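Kindly generate the complete structure, drawing on both the sequences and the hints.
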Amino acid sequence: MQSLKKNLKHYRLSEKEYEKIVTCLGRAPKGVEWAIFSALWSEHCSYKSSKVHLKKFYSKNERVKESFGENAGVIDLGDEESVAFKMESHNHPSFISPHQGAATGVGGILRDIFTMGARPIALGNYLCFGEATEKHMPHIVDGVVRGIADYGNCVGVPMVTGQTEFHKSYNQNVLVNAFALGYFGPEQKVCTSGAHGVGNLVVYVGAKTGRDGVHGASMASESFDDDSESKKPTIQIGDPFYEKLLIESCLEVMKHNLVEAIQDMGAAGLTSSAFEMSAKGQVGVSMHLDKVPLRDSSLTPEEILLSESQERMLLICRPENLDQLKKIFHHWSLDAEVVGEVLPTPNVDLYWDNKIICSLDPSAIVDSAPIYNRAYEPWEFKNKVTDLTKLHVEDPENTFKNILKSLMGAEKSWIYNQYDQRVGAATARDCSESVGVVVLPSKRALGIVLGCRPYLMRMDASIGGMDAVFHPSLQLALKGFTALAVTDCLNFGNPEKSNIMSEFVASVEGMSEACEAIDAPVISGNVSFYNETKTTNITSTPSTGVVGLKSSLNNIPTDQFKSSGELIYLLKLDQVKTLGAACEVLNRAPQFKGELDVKVINEWLGFIRKTVQEVPISSSKAVGKFGLAYSIFRMTSEGIGAQIKLPVGFEANDLFNETLYQAIVTISPSEKQSLETMLNNINLKNFTYHFVGETGGDDFKIEGLIDLKLKDLKNKYSNSWGKNFETLA
Amino acid sequence: MKRVGVVRFLGTNCDRDVFKAIEQVGHTPEWLWYEDSFEVSKYEALVIPGGFSYGDYLRSGALAAKAPVMNSVSEAAKKGVPILGICNGFQILCEAGLLPGVLIKNEGLRFIDQWVKLNLQTPLKSWGGSEIDKCEIPIAHGDGCYFLEPESLKKVMDQDQIWMTYDKNPNGSVADIAGVTNKNKNVAGLMPHPERAMWDWMGSSSGTNFFEFI
Numbered sequence: 001m002q003s004l005k006k007n008l009k010h011y012r013l014s015e016k017e018y019e020k021i022v023t024c025l026g027r028a029p030k031g032v033e034w035a036i037f038s039a040l041w042s043e044h045c046s047y048k049s050s051k052v053h054l055k056k057f058y059s060k061n062e063r064v065k066e067s068f069g070e071n072a073g074v075i076d077l078g079d080e081e082s083v084a085f086k087m088e089s090h091n092h093p094s095f096i097s098p099h100q101g102a103a104t105g106v107g108g109i110l111r112d113i114f115t116m117g118a119r120p121i122a123l124g125n126y127l128c129f130g131e132a133t134e135k136h137m138p139h140i141v142d143g144v145v146r147g148i149a150d151y152g153n154c155v156g157v158p159m160v161t162g163q164t165e166f167h168k169s170y171n172q173n174v175l176v177n178a179f180a181l182g183y184f185g186p187e188q189k190v191c192t193s194g195a196h197g198v199g200n201l202v203v204y205v206g207a208k209t210g211r212d213g214v215h216g217a218s219m220a221s222e223s224f225d226d227d228s229e230s231k232k233p234t235i236q237i238g239d240p241f242y243e244k245l246l247i248e249s250c251l252e253v254m255k256h257n258l259v260e261a262i263q264d265m266g267a268a269g270l271t272s273s274a275f276e277m278s279a280k281g282q283v284g285v286s287m288h289l290d291k292v293p294l295r296d297s298s299l300t301p302e303e304i305l306l307s308e309s310q311e312r313m314l315l316i317c318r319p320e321n322l323d324q325l326k327k328i329f330h331h332w333s334l335d336a337e338v339v340g341e342v343l344p345t346p347n348v349d350l351y352w353d354n355k356i357i358c359s360l361d362p363s364a365i366v367d368s369a370p371i372y373n374r375a376y377e378p379w380e381f382k383n384k385v386t387d388l389t390k391l392h393v394e395d396p397e398n399t400f401k402n403i404l405k406s407l408m409g410a411e412k413s414w415i416y417n418q419y420d421q422r423v424g425a426a427t428a429r430d431c432s433e434s435v436g437v438v439v440l441p442s443k444r445a446l447g448i449v450l451g452c453r454p455y456l457m458r459m460d461a462s463i464g465g466m467d468a469v470f471h472p473s474l475q476l477a478l479k480g481f482t483a484l485a486v487t488d489c490l491n492f493g494n495p496e497k498s499n500i501m502s503e504f505v506a507s508v509e510g511m512s513e514a515c516e517a518i519d520a521p522v523i524s525g526n527v528s529f530y531n532e533t534k535t536t537n538i539t540s541t542p543s544t545g546v547v548g549l550k551s552s553l554n555n556i557p558t559d560q561f562k563s564s565g566e567l568i569y570l571l572k573l574d575q576v577k578t579l580g581a582a583c584e585v586l587n588r589a590p591q592f593k594g595e596l597d598v599k600v601i602n603e604w605l606g607f608i609r610k611t612v613q614e615v616p617i618s619s620s621k622a623v624g625k626f627g628l629a630y631s632i633f634r635m636t637s638e639g640i641g642a643q644i645k646l647p648v649g650f651e652a653n654d655l656f657n658e659t660l661y662q663a664i665v666t667i668s669p670s671e672k673q674s675l676e677t678m679l680n681n682i683n684l685k686n687f688t689y690h691f692v693g694e695t696g697g698d699d700f701k702i703e704g705l706i707d708l709k710l711k712d713l714k715n716k717y718s719n720s721w722g723k724n725f726e727t728l729a
Numbered sequence: 001m002k003r004v005g006v007v008r009f010l011g012t013n014c015d016r017d018v019f020k021a022i023e024q025v026g027h028t029p030e031w032l033w034y035e036d037s038f039e040v041s042k043y044e045a046l047v048i049p050g051g052f053s054y055g056d057y058l059r060s061g062a063l064a065a066k067a068p069v070m071n072s073v074s075e076a077a078k079k080g081v082p083i084l085g086i087c088n089g090f091q092i093l094c095e096a097g098l099l100p101g102v103l104i105k106n107e108g109l110r111f112i113d114q115w116v117k118l119n120l121q122t123p124l125k126s127w128g129g130s131e132i133d134k135c136e137i138p139i140a141h142g143d144g145c146y147f148l149e150p151e152s153l154k155k156v157m158d159q160d161q162i163w164m165t166y167d168k169n170p171n172g173s174v175a176d177i178a179g180v181t182n183k184n185k186n187v188a189g190l191m192p193h194p195e196r197a198m199w200d201w202m203g204s205s206s207g208t209n210f211f212e213f214i
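Chains as they are written, first to last, in the working numbering: chain A, 1 to 729; chain B, 1 to 214.
Rather than coming from a laboratory, the hints here were simulated on the basis of the structure.
Among the hints, erroneous ones may be present.
Claimed, not checked - Some, not all, of what chain A presents toward chain B, calculated at C-beta under 7 Å:
#1 Asn153
#2 Cys154
#3 Gly156
#4 Phe241
#5 Asn417
#6 Asp420
#7 Ala425
#8 Ala428
#9 Ser432
To be verified - Listed next, with one range per pair, are the computed distances between beta-carbon atoms:
#10 B/Glu107 <-> A/His136: 23 to 33 Å
#11 B/Lys20 <-> A/Ser333: 21 to 31 Å
#12 A/Lys723 <-> B/Asn119: 50 to 60 Å
#13 A/Asp323 <-> B/Asn119: 33 to 43 Å
#14 B/Pro150 <-> A/Asp323: 29 to 39 Å
#15 A/Asp574 <-> B/Glu107: 48 to 58 Å
#16 A/Asp323 <-> B/Lys155: 23 to 33 Å
#17 A/Leu684 <-> B/Phe213: 52 to 62 Å
#18 A/His136 <-> B/Asn119: 35 to 45 Å
#19 B/Trp31 <-> A/Thr677: 50 to 60 Å
What the hints assert, rightly or not - The calculated lysine-lysine pairs, modelled on DSBU-like cross-linking and capped at a C-alpha distance of 30 Å, are:
#20 A/Lys189 <-> B/Lys20
#21 B/Lys117 <-> A/Lys716
#22 A/Lys723 <-> B/Lys105
#23 A/Lys255 <-> B/Lys20
#24 A/Lys443 <-> B/Lys66
#25 A/Lys714 <-> B/Lys168
#26 A/Lys711 <-> B/Lys117
#27 A/Lys443 <-> B/Lys117
#28 A/Lys412 <-> B/Lys168
#29 B/Lys20 <-> A/Lys135
#30 A/Lys714 <-> B/Lys117
#31 B/Lys117 <-> B/Lys42
#32 A/Lys412 <-> B/Lys134
#33 A/Lys723 <-> B/Lys66
What you are looking at is a predicted structure, and each value in this text was computed from that prediction instead of being measured.
C-beta: ideal position from N, C-alpha, C; glycine also.
Right, dumping it as structure tokens:
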């Protein structure tokens with residue numbers, strides 16, 4: 001009994017799960033079977049707490065070529081072009097070892113993309129950190145940013161967009177979510193992972209296996225405690241140079257049709273790759289663990305199975321193609337070792353020194369994996385009010401300065417200037433803009449935006465979930481892009497707590513409703529539960545990556561004012577009024593009024609897109625965190641000021657309140673008529689537009705409320721980062 | 001239309017961008033692989049693109065400088081073939097002794113990605129001649145701080161070997177140096193990336209001159 005308890009703890013399995021294993025096998029597990037069940041039934045690999053709800057996602061339309069079944073989702077862009085993309089979390093490793101944790105997060109998401117046969121052409125990063133005053137935070141921020149930079153810059157995939165959030169709920173559990181997108185040209189096929197063809201060979205390629213990352217998957221499925229430091233050996237070590245070689249060699253063998261199926265070794269390493277390839281293909285495979293190339297010859301079979309050493313792939317190839325395949329890998333200085341073959345029986349047979357040490361039917365394990373419908377409550381909108389409390393801004397100038405001083409309001413270029421944003425020579429808009437834009441070989445433009453505003457999630461998980469789709473879609477529409485599909489990374493606390501599970505369900509349903517309304521399916525994603533340290537849970541953070549397409553490179557408005565004397569318009573679809581992010585700087589409780597009408601939002605997005613495509617808008621920006629004043633200020637970054645006169649009925653609060661949804665556009669005076677004609681044709685409930693002022697001057701002026709020198713504000717904005725993080729300036 | 005060899009090492013990652021840039025301006029790029037020597041007379045110019053050859057292990061450029069292909073590159077340098085090293089390519093040419101000086105970690109010890117304005121100091125016969133003064137192109141490097149001992153710097157200055165300088169020094173390079181050339185003025189190295197400034201939509205098209213006038 002004592003040893004059973006010890007095993008359950010070591011392999012992070014519950015007693016109920018143990019009973020299920022016994023039923024599944026018809027006996028008690030032994031040897032490496034423990035490790036296999038531990039890995040495959042971990043939250044990270046099995047999605048046991050989320051599966052029930054993930055099925056609800058709007059996930060298919062005629063564009064979707066792959067969704068959820070494979071390593072990444074794929075959509076068809078027409079003109080014989082496709083893209084694969086996905087987002088993934090590396091939260092736990094990044095807290096324990098910021099540099100390596102973040103770096104291998106980038107490596108892992110890239111492998112998910114090129115495993116599909118696509119060349120990675122864009123990266124994005126969504127980061128949530130704690131307060132700057134928290135003891136280890138400067139070290140963590142520094143390590144995470146360096147880790148992402150070291151890996152992404154070296155493999156040569158440009159970072160084109162990102163989002164960074166700060167809040168005390170991330171003090172003990174930061175979030176590091178990496179997004180990657182890959183491109184398929186006319187001749188490139190989508191590769192899949194199902195093993196097939198009895199007698200075909202199982203080939204191991206890439207870096208040698210070491211002891212790093214053993215039990216990584218089950219570690220990532222656990223809450224943190226005081227012992228987190230001791231989990232360091234479960235962190236993987238990345239080598240971007242190897243990854244670069246792996247990208248080039250894998251794409252080359254795929255191009256020559258030498259690969260029948262391929263799967264990267266990610267969470268739970270060789271175990272999950274072998275079992276997934278076998279289960280998907282409905283065939284068995286044999287694997288001789290003693291033939292796996294090792295960095296350390298003392299590794300045990302169990303460690304080999306569970307190692308999460310990076311930059312490794314498992315692939316299936318026909319015996320007659322082996323020589324050519326090996327030649328290509330050798331050209332790129334990589335090893336390719338035959339470790340087994342495809343069997344007619346359904347079992348995965350593992351050998352050590354030609355002796356069978358384990359024979360399991362993967363479908364039985366996958367099919368009998370526990371699925372939990374964790375307890376949750378119907379969503380109650382408990383911060384919804386009929387009359388919004390006023391923010392009571394007495395001194396708007398001072399409030400505005402305080403926002404710029406806060407970490408959330410600070411300029412973030414310290415982060416993205418460390419990322420190579422232009423390798424690949426296809427970046428049309430970099431991280432300094434709200435939409436990252438990459439130019440495709442067909443000369444069409446691809447727009448990428450990451451979403452989820454944690455302060456809205458703290459206000460309401462249902463609205464926050466919808467907003468994680470709508471806000472990026474509005475940002476895309478304002479540049480003339482149509483949102484096509486979505487990936488997500490659902491970062492939540494402990495699912496065994498019903499308040500967390502309730503937020504999970506409410507936000508997933510909200511996201512799905514929004515996706516369906518704009519016909520942009522969720523095609524890939526990842527769930528990260530147990531973001532909890534000593535019973536404190538993070539803000540529920542369902543981050544998203546939304547990808548949009550524009551048929552040409554012409555007329556993409558910039559975020560910044562480009563010339564003086566232009567007319568500034570505020571476009572407003574007044575559905576939900578909130579106190580916004582300002583309430584957190586001013587220490588007010590979050591509140592909102594109203595609800596989101598997804599159908600109306602979709603129509604509005606269509607009108608905005610059409611306006612941007614047909615009228616020469618010079619600059620555009622969605623009104624985001626901290627409301628109108630902050631958003632207009634962000635547009636002055638090239639030194640062109642703003643002279644604003646708020647329309648009748650607006651007051652100081654309206655500079656900081658946030659309304660879902662609002663946008664700013666500017667246009668040259670000669671196009672005034674064409675813009676207003678377009679806007680007059682928008683006949684939607686609660687839609688209004690207002691002329692609010694002109695660009696120009698060297699001050700930032702909102703009549704009667706704010707009148708400050710742009711130069712001073714700019715200094716405050718750009719120095720704010722260094723003042724918050726003195727050691728990182 | 002000139003035939004231009006583009007040298008690839010394991011870990012080079014701007015190779016395809018440079019290849020595309022050369023094609024765009026109407027020349028004919030051809031791949032050269034790090035393990036192979038090549039016939040020097042076949043090429044009218046050579047480019048060593050940027051990236052992270054050998055993952056920057058040991059020192060950036062140090063391992064690539066010893067690769068077999070560099071024997072042919074050295075031979076070409078001696079014969080007067082125009083050679084351009086960009087970013088990691090510049091580091092490799094310094095490590096191979098074909099250009100003076102070394103590139104060390106940026107002053108702030110961080111990787112920097114940003115646009116810079118460059119001033120032309122010594123026009124070369126190739127790589128844009130005098131058309132590239134005041135051009136704006138991006139940098140993206142961690143080891144971009146150019147360094148020379150004072151005596152060597154004086155010698156390099158006296159021999160007009162400073163090719164381009166930064167208008168605003170981003171990385172602590174001695175004498176604001178962004179690019180240098182050898183004594184014969186046929187081998188040149190540049191930290192910024194002209195291949196990333198080939199179209200207005202990239203932010204600038206002033207990089208085209210570097211490849212057009214080879």
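Structure-based check of each hint:
1. A least Cβ separation of about 6 Å between A/Asn153 and chain B falls short of the 7 Å threshold, and the interface hint therefore holds.
2. Against a cut-off of 7 Å between C-beta atoms, the interface hint on A/Cys154 holds, since the closest Cβ of chain B lies about 4 Å away.
3. Of the supplied interface hints, the one on A/Gly156 holds, with its beta-carbon coming within about 3 Å of a beta-carbon of chain B, less than 7 Å.
4. With its C-beta approaching chain B no nearer than about 3 Å, A/Phe241 sits inside the 7 Å limit, and its interface hint holds.
5. For A/Asn417, the shortest C-beta to C-beta distance to chain B is roughly 6 Å, which falls under 7 Å, so the interface hint holds.
6. For A/Asp420, the interface hint holds, the least distance from its beta-carbon to any beta-carbon of chain B being 4 Å, beneath 7 Å.
7. Residue-level restraint check for A/Ala425 holds (minimum Cβ-Cβ distance to chain B is 4 Å; threshold 7 Å).
8. The restraint placing A/Ala428 at the interface with chain B holds, with a minimum CB-CB distance near 5 Å, inside the 7 Å limit.
9. Annotation: interface hint on A/Ser432 violated; nearest CB of chain B at approximately 10 Å, more than 7 Å.
10. Taken as a hint, the range 23 to 33 Å holds for the pair B/Glu107 and A/His136, whose Cβ atoms sit roughly 27 Å apart.
11. Range check, B/Lys20 to A/Ser333: Cβ separation about 25 Å, and the 21 to 31 Å hint holds.
12. Checking the proposed 50 to 60 Å range against A/Lys723 and B/Asn119 shows it is violated: the Cβ atoms sit about 34 Å from each other.
13. For A/Asp323 and B/Asn119, the hinted distance range of 33 to 43 Å is not satisfied, since their beta carbons lie about 55 Å from each other.
14. With their beta carbons about 57 Å apart, B/Pro150 and A/Asp323 fall outside the hinted range of 29 to 39 Å.
15. Judged by the Cβ atoms, the range 48 to 58 Å given for A/Asp574 and B/Glu107 holds: they are separated by roughly 50 Å.
16. The beta-carbon spacing between A/Asp323 and B/Lys155, approximately 54 Å, falls outside the hinted interval of 23 to 33 Å.
17. A beta carbon spacing of about 55 Å between A/Leu684 and B/Phe213 agrees with the range 52 to 62 Å that was offered as a hint.
18. The supplied range of 35 to 45 Å is met by A/His136 and B/Asn119, whose beta-carbon atoms lie about 44 Å from each other.
19. For B/Trp31 and A/Thr677, the hinted distance range of 50 to 60 Å is satisfied, since their beta carbons lie about 54 Å from each other.
20. Restraint check: the Cα-Cα separation between A/Lys189 and B/Lys20 comes to about 23 Å, which is no more than 30 Å; the hinted pair holds.
21. Under the criterion of a C-alpha separation no larger than 30 Å, the hint pairing B/Lys117 with A/Lys716 is consistent with the structure, at around 26 Å.
22. Annotation: proposed proximity of A/Lys723 to B/Lys105 holds, straight-line Cα distance about 25 Å (limit 30 Å).
23. Proximity of A/Lys255 to B/Lys20 is assessed by CA-CA distance (about 20 Å); at most 30 Å being required, the pair is judged to hold.
24. With a CA separation close to 39 Å, the supplied pair A/Lys443 and B/Lys66 exceeds the 30 Å bound.
25. This hinted pair checks out: A/Lys714 and B/Lys168 have alpha carbons roughly 20 Å apart, not beyond 30 Å.
26. Using a Cα cut-off of 30 Å, the hinted pair A/Lys711 and B/Lys117 holds, with the two alpha carbons roughly 22 Å apart.
27. Taking the CA atoms of A/Lys443 and B/Lys117, the gap is near 27 Å; set against the 30 Å cutoff, the hint holds.
28. As the CA atoms of A/Lys412 and B/Lys168 are separated by approximately 21 Å, the hinted pair is consistent with the 30 Å bound.
29. Proposed proximity of B/Lys20 and A/Lys135 is contradicted: the alpha carbons are some 48 Å apart, above 30 Å.
30. Proximity of A/Lys714 to B/Lys117 is assessed by CA-CA distance (about 22 Å); at most 30 Å being required, the pair is judged to hold.
31. For the hint pairing B/Lys117 with B/Lys42, the CA-to-CA distance comes to about 35 Å; that exceeds 30 Å, so the pair is violated.
32. For the hint linking A/Lys412 to B/Lys134, the alpha-carbon distance of about 28 Å falls within 30 Å, and the restraint holds.
33. For the hint pairing A/Lys723 with B/Lys66, the CA-to-CA distance comes to about 45 Å; that exceeds 30 Å, so the pair is violated.
Of the numbered hints stated above, those contradicted by the structure are hints 9, 12, 13, 14, 16, 24, 29, 31 and 33, listed in ascending order.
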